[in-house]
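*Asks:* Those protein sequences? They're chains Z and R, same order as listed. Position 333, counted from 1, in the first sequence is what the numbering used here calls 333; the numbers after and before it change by one each time, with no gaps. Position 118, counted from 1, in the second sequence is what the numbering used here calls 118; the numbers after and before it change by one each time, with no gaps.
FYI, nobody ran anything at the bench for these hints, they're computed from the structure. C-beta: ideal position from N, C-alpha, C; glycine also. Accuracy of the hints is not assured; some may be wrong.
Covered stretches of chain Z (chain R as the covering partner; in silico rule of three or more C-beta atoms under 8 Å from a C-beta of chain R) [what the hints assert, rightly or not]:
no., segment
1, 234–247
2, 263–277
3, 358–370
The residues making up each chain are set out below.
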Amino acid sequence: MSNTQFVVATLRRVVGERLEAQESRSSSNLVRAIAVLAMLTSMSTACQYNDLKAGSQAASRPGSSGTAPQPGGGGSGPGPGIAVVDYQLVREQIFVPHCLRCHSSEAGGVRRGGVALNTFAEAQPIAASIAEQIETDQMPLRAPALPGDLKALIRAWVDGGAVEVAPASGVRPRLGDQSNFRRSKDHQRTLARMNPIRAVIQGLILPSVSEAKSSLASMPQVYELEKASLEFLAIGRPSFLKIRGEGARPEGEFSVKDGEIQGIAHVDLRSLKTGIELRDEHLHERYAQTDKYPKAELSFQIVQERIGAIMADQSVDLQISVPGRLRWREREHELPIQVQRKKSQVEVEFKFRLSDFGIETPQYAGVKVADEVQVKVLSHVRARKLDQ
Amino acid sequence: MDRIQIPTNSRFEFEIRHSWRTRNFFEMALRDLKGRKFAQGLVVLAMALPSIAMAYPELTRHGSVSCTTCHLSPAGGGALTIYGRSMSREILSRWGGPNEERVLHGLLGRDLDQKLDDLGLRLGGNVRGLQSHRENSRVRQGQFFLMQADLKLGVELEEWVAYLSAGEVENPRSSEPRRTLNSSEHWVMWRPSTETQQWGVRGGRFPLTFGGLQADHTLSVRKLMSLGLSSARTSLEISGAGEEQTWQLGVSMPASGSPRDEEERALAARVDRGWSKSWRAGASLWRGELRDGSRVAGSFHALGSWKEVGLKPYLQVESLHLLRRRDQLADVVSHAMLLRNGLELTRGLFGILQIQHERGDVQLHASEVNRYGLGLQVFPRPHFEIYGLWHRVHRPFASLDTWSDEAFAVFHYYL
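Just chain Z, with the same shape it has in the complex (with noise of 0.2 Å):
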């Protein structure tokens, strides 16, 4: 499927989900396809309108109440099943990642002219502010500009009242799944009177981009590891010596749905050397005992909101810790996986005991291996989305 295929796809998918909620179930996908061509075409030949239709239709989905809110929180609330977005939120998705590195009040941080975002106390009162800012890309600064589902949840969490809490009624929404924002009539007529055709950007591509994106992100997708390496160092004792090994290129993949990231990655341990052929010979006869013993498997699973979207996007550097699993000698143990992702280089180090998997302490001519061994696998990946 080329990617021109797959974006039609995936448009088709999300405005049939529209039409869906809009009681066109029983469309055909004939019906939805066109109906995808009659809304590109409108938005390109009555633009302005089509804002401001999208918006209204928005607000008239199933689940929401139809009624606009008042902004600054003054309306007469949201409806049952309409969600809400509130400071914790705001606070996890936005400020944490883009904005707290310059504008933190605790010990330590930097607070660039004076603006702080740690607590809801120093956030309300410039909310609307801040979510003008985001909007025009005038923050972060000298950082790449938000993507579109971020700009629209500050505008939703400004527009529903800029709340500390979602009310108990509402529905905390899941990122990335933005039709569950509020968006407000004022805020899209305030667009159109600003730039009609930023306006129509704002109001109806950029959610349309952005819900695409949600879509992959909810889509599953298999990422392949890509000239993979596996490294490892054990120190050598009392000297410190540095032994290290590589040469195993680790097979795997993992896929990406929803909320949910899963992998498991084999490598090929009869491959590995240490840069000496007698410590090599030790090494897979003696204490891995790789013919007996050729592949460790090693599995991981990440559970976080727009994980999907996270690893779409590779603008954004990701650093994480997750839970792991090392498969090996016909054991299994748990432990902690670092996984660092640049661009599309994934690095992913954890440190496992031998004696935890039977391995006696390797020792050689008065140097004796500790028995923590830190490994690292090196790789980059590469997406093979899944027909649809």
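The hints should help you fit chain R onto chain Z, whose structure is shown.
*Replies:* Chain R alone, transformed into the frame defined by chain Z:
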């Protein structure tokens, strides 16, 4: 045409076309300014600077952080540990049979060897001979002499190490009587270990540790610092080694009845640290005072990198700066720099390309010497090493013989 009989027990003699020793402007100037000893130091520096930190690229690449991986001494050199002896076959030598790396090529037999190991006894010894060659339009000179012949005995018992070295060190230019079977080194060290550090406290007679990437006791550095041929002194040193860095701090003083050129008190410190997988940097400081009141202070800096690809290239940049102060003479600042590039052509065979620059006196143009060298280092089998280096030498401010050739080959056998 003059013929000069080279003193001491030279095995070869070359024809010398002119007595360059008395006519070379450069050397005369140096003698006038700084005295014979210093000029000699520079000549020897030229010969031996390439051997600075010899172990750095080969052994650091194989994971050695501290010299104690392969040697009993935290400053390297001398008797080998069992592991070091084994690595001489596994890493350094081109060829080698089973047990060939053992003492006396394994002639003691495996059982006796094992007993010695179990008792903690480490036997060793070195024989080094050097053939030098120097040639320009006025002189063609060469000499072979025995640099070193000694026996070494170490004992490792838990956290304690005792060490004794006895033998001969010969200075071909010295008129002093040869010293045979003297004990050049003897010391005791206590070296406890923790999870992150191996400590060492050493006392006895040994050279203070000085050098950039690895401890460096080469003749060049010692002579440049106006030390005697043997730089071992009564010393006390503390040292440490961790996963990334090693360091030493020591003081030395002359023992009673020391030869005049060993009447020196000194303080030395050095540290080196590795980062990433293939970079290492080091620095060292020295401050010494001779009984005649002259003082010497020096610093040594080094940076090295290597790559585990293809011919495993490595690169070293080193610099040595020295300040000498002698009564009634102005301070003299010297410096030497070395850029060394090497390749492991195959196991046991290293090609070397290097550029050296030095000024015995930074304010004196005539003291500038630049060397462009090609070398080869071969470890054919355990116990044997041959190291040869040829330099094209340029003295840009010399009135005669701005270009000359210098070469040497070292033949080394270790027990």
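*Asks:* Each hint should be assessed against the structure and marked as holding or not.
*Replies:* Hint check results:
1. Restraint check on the segment 234–247 of chain Z versus chain R: 10 residues with Cβ-Cβ distances below 8 Å, three needed, restraint holds.
2. Given as covered by chain R, the segment 263–277 of chain Z passes the check, having 3 residues with a CB less than 8 Å from a CB of that chain where 3 are the minimum.
3. Look at the segment 358–370 of chain Z against chain R: 4 of its residues bring a Cβ nearer than 8 Å to a Cβ of that chain, three or more, so the hint holds.
In summary, this structure violates none of the numbered hints.
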